[in-house]
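Colleague: This is what each chain is made of:
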Amino acid sequence: MVTIWMVVTITFFLMHAIPGGPFTREKALPPAVMKNIEERYHLNDPLWKQYTDYIQNLVRGDLGPSFKYQGVTVNQIIAESFPISAQLGLASLFIMLFVGLPAGIISALRQTKWQDHLAMSLATVGVAVPNFVVATLLMYIVGVKLGWLPTARWLSWQSVIMPSIALAGYYTAYVARLTRSSVLEVLQQDYIRTARAKGLPERVVVYKHALKNALIPIVTYLGPILAGILTGSFVIEKIFAIPGLGEHFVASIWNRDYTVILGVTVFYATLLVIVNLIVDILYCFIDPRIRLGK
Amino acid sequence: MADIPVSGIHEISKDKFTPLPARKKDIADISRPSVTYWGDAWRRLRQNKMAMLGMYTIIFIILLAILGPILSPHSYSDQFLDKQGLGPNNEHWFGTDSLGRDLFVRVLYGARISLAVGLVASLLNLTVGVLYGGIAGLAGGRVDNVMMRIVDMFYSIPLVLYVILMMVVIGPGLKSIFMALGLVYWLEMARVVRAQILTLKEQEFVMAARALGASQARILFRHLIPNCMGPIIITVSMNIPLAIFTEAFLSFLGLGVAIPMASWGVLASDALPAIRSYPHMLFFPAMAISVTMLAFNFLGDGLRDALDPRLRK
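Those protein sequence lines, which keep their order, are chains U and E.
So that you can map any letter, position 98 of the first sequence is 98 in the numbering used here, and since no number is skipped, the others follow by simple counting.
Each position in the second sequence, counted from 1, maps to that position plus 1000 in the numbering used here.
Extracted from the complex, chain E is given alone in its bound form (with noise of 0.2 Å):
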């Protein structure tokens, strides 16, 4: 090995340096803004095209339920007696039903009855389901497993068979379907809360906050039940279509709100008997229904994804 001179570091002079001017900014200008779970979730979302545009639709569809029967010449319940069982025109765009009727606005006012029905008895369940899988969740050990138990029971058998027995009971009508729907559909709620809380109790924050001297339901309200609150939205999100489409099974089947009322199930059912001779009367509830619930779907996909990225497919 020869003599390598170890040269270069004393050779350049202090002069060669110059200081870089102070920094102005400070590290946490400079890093970018944190993310919050919700803002990240919305960035998510914006991002699903299809999620979009079942919400825009249902936004569409919300506007026209609200509007639309307010705008139209027509009401629902008004007979044509020399124009009945038209075809689209321009002056029935849907065309009217075998008793005369504006299907438009009777289909505008099915939108109004199905939203009304998905909305309240999605309020219902929420309510119920999150105090229900909440108190369980919280008080585990034998209260939980009793809690849990009554659940399993109920979920063992269709929902829509105590629909039925519940619509039996407290007669048709409009509250009754709210109600039925409402009593029955919280129990998915209450398992998906409990299985959050039961994770979500166990960690510091929770025993932070028992350690200061928070009540039991100070606990659960604000501390635990707002960190479950993105699988509450998914499950509400997966739960509005299906209140949707019991309503209109139910109103199918003739259990459903009363006449002179339309509802979705209520005018597809009505078209049945006359399909032969006007088609176009069944058409249009179908597509309302069927358009009502893709919407919906995608934007409940989009939300999971959104919210939950684990559970992405």
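Only chain U is shown next, with the shape it has when bound in the complex (with noise of 0.2 Å):
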């Protein structure tokens, strides 16, 4: 709450303190239509005033209108866009799991052997390589070139493919070297070698005892990870024209529309912040030595 609190307050006076207002135009609005708008948005108020409305109406859930599109109010765009940027951000979550948690077990267990080293070096260039270079470079390739893939557009179930893969390659890479590492540390405990003394076959071995263990680190990156994901569609959504969230917080950057860069930045704070809780939950599950609250 007081992290959310914190965001509001930060965003709100940064964005006053920008010399200039969304409804600056290079030629001057009459002085009389400039008084009606400043009335209508309550900007000619007490900044404290408009902190204080501002605040007031969010514990409603209402996170006031649009400055640029007229008659829109900032929780229509995030209710309409959101569970594009959902869909694109879940797509990403799924490749990074199903790609980047296997290729980390695999090269832990063959260890040295070309599995290993393939998947790491991979892993290694994922990492280096920019989101937006990857996503352009797909375009380029597979939209452009071999044309098998729609480019742009958010129109079938096409469209999610490329995008994700963009925006999942540097945290499947991250998670596929976390997962590498985490599994050779858990391969060396004591545990596992009463495991094998005692008979066990190598496949309980490494999927009961090993990969439950080697998986709580993992776990802990949630929360980054999702953050990575979400300023990672600003771009992703640019490139491929998505009509999602990121799309329009970048385009209200643009625009100046303060009261959506304001809400989007309030929505993402309070995603995160219900995320990281949830993650810190989640541990406690996976982690029964460590216990919520003292």
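Simulated from the structure, these hints should not be mistaken for laboratory data.
Treat the hints loosely; a few may be bogus.
Said to hold, decoys possible - Computed footprint of chain E on chain U, listed as stretches where at least three residues anywhere in the stretch have a Cβ under 8 Å from a Cβ of chain E:
1. 233–247
2. 262–272
Unchecked claim - Residues from chain E that keep clear of chain U, each with C-beta distances beyond 10 Å, as calculated:
3. T1036
4. W1042
5. R1044
6. F1104
7. L1115
8. V1143
9. D1144
10. K1201
11. V1206
As the structure is a prediction and not an experimental result, all values here were calculated from the model.
Cβ coordinates follow ideal geometry from the N, Cα and C atoms, glycine included.
Mind docking these for me? Both chains are given alone in their own frames, and the hints should help you get the complex.
Modeller: The structure is reproduced here in structure tokens:
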């Protein structure tokens, strides 16, 4: 709660510290029109009143009207575009888990064999290449040259594939590296030796004893990973012209649509705080050694 | 048990012993010279081939960035209106862009900007982060608690979001990027330094310094921070590629440096609309970013292994 309040306050005052507003045009509007606009959006109220009004509305879940698009509220913009971003994000998480995790596990189990070297070289490249480069290269090769997948827009299920690969690229590589080192560490533990000593088949040792424990550190990284996917979506949605929340956020920066910038930032902050909370709770379930509270 | 004559000891006469010549060398000369922490780290780093490759690549990029634009006959804003969107050729090594500007020089200028951003942003976060973490760690107690809660709160939101907000407020441009990155990315450094200082300040040499009447500031700057240099260097080396990447990211979104300056993010974003006709416009800046990021990653990993062998994976 404190985090969200702090984000709201910082963003609010930052937005008001900017010289020029969304209604500043090259050709100045007549003073009367300007006055009406200010009246309507309460921009002529003292700053502290605007702030308390905003907080009051926020508590009721109202993020205010958009300055740029008349008659559209920030809530409508989020409600319209967030599902698209959420689909994209979930698809990326899916890729990350079903490619990154197995890659890490395989390269740990086949340490210093070719599978390990292949997976880890790919992961190193994956960590180094920025997502917008991956996205544009994919778009050029798969979309333009080969023509297999649509290059832009959000029309069919095929539109999800390329953006989510580009978005997931870095984190898939990251998860693969993390999983590998985590599995390697767990395999050296005494209880693994015990499990082997009592004659359990290797399959049971790996899947039942090693993996469960190796996954714990990866769960803690879910929060930062989600945050990264969120910011990554700004660029990816711009490249593929996907009408998601990230695209709206970037557009609102360009349009100086302060209520939208503020509203989307608050929305992101809330989302991340909730996710971090869920991760903390999840952590206690996975690792019984950790207890919530004191 | 039969009687075994105890013989031999008495039968060796004294003249069979000859004294060794007196030792000329002192013990200290025989033992190997003691290896310092930094010497040891440097030796470990040199053995790491990938890290050295990364380091040489970075030096090469730095040299190219400094000298390249001086040596090249073209400037980054010169337009050759008769040669728009040419592919790589003899005169223009990387080709020209859709406005007829030499791409090679523009990519080199991009390297200047990216490296400057990496350097300045990490210097800023070095000073802010080290001071903040140092003060929190040394002060301890309630001060530490409040300072670190603030860091935790910032940390729960993606830092890029703050950078974007900062850029919105102070407007696009190179200086804004330095400011925004420096003001936002010190959080990790503060955490690292504080954790180090919490353990270090309990040690005897700090007690000795205090007993000798050293001030808090002297203890912090002369005793504690020099002992944190290893983790600090590791954090900086991890932060430089992050800063470079963030600059490229911002420029790509149009929040970075202003035209006609060329950073890698700007070049990549410029190439996007023309990707069907001029794919080389994307390829070269993309390659430059990727190679630089790879080199810094290798060097960073190598430095981490060399400076803190316990962390080795």
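Colleague: Hint by hint, note whether the structure agrees.
Modeller: Here is what the structure says about each hint:
no., hint, result
1, 233–247, "holds (count 4)"
2, 262–272, "holds (count 4)"
3, T1036, "holds (29 Å)"
4, W1042, "holds (24 Å)"
5, R1044, "holds (19 Å)"
6, F1104, "holds (19 Å)"
7, L1115, "holds (16 Å)"
8, V1143, "holds (19 Å)"
9, D1144, "holds (18 Å)"
10, K1201, "holds (25 Å)"
11, V1206, "holds (30 Å)"
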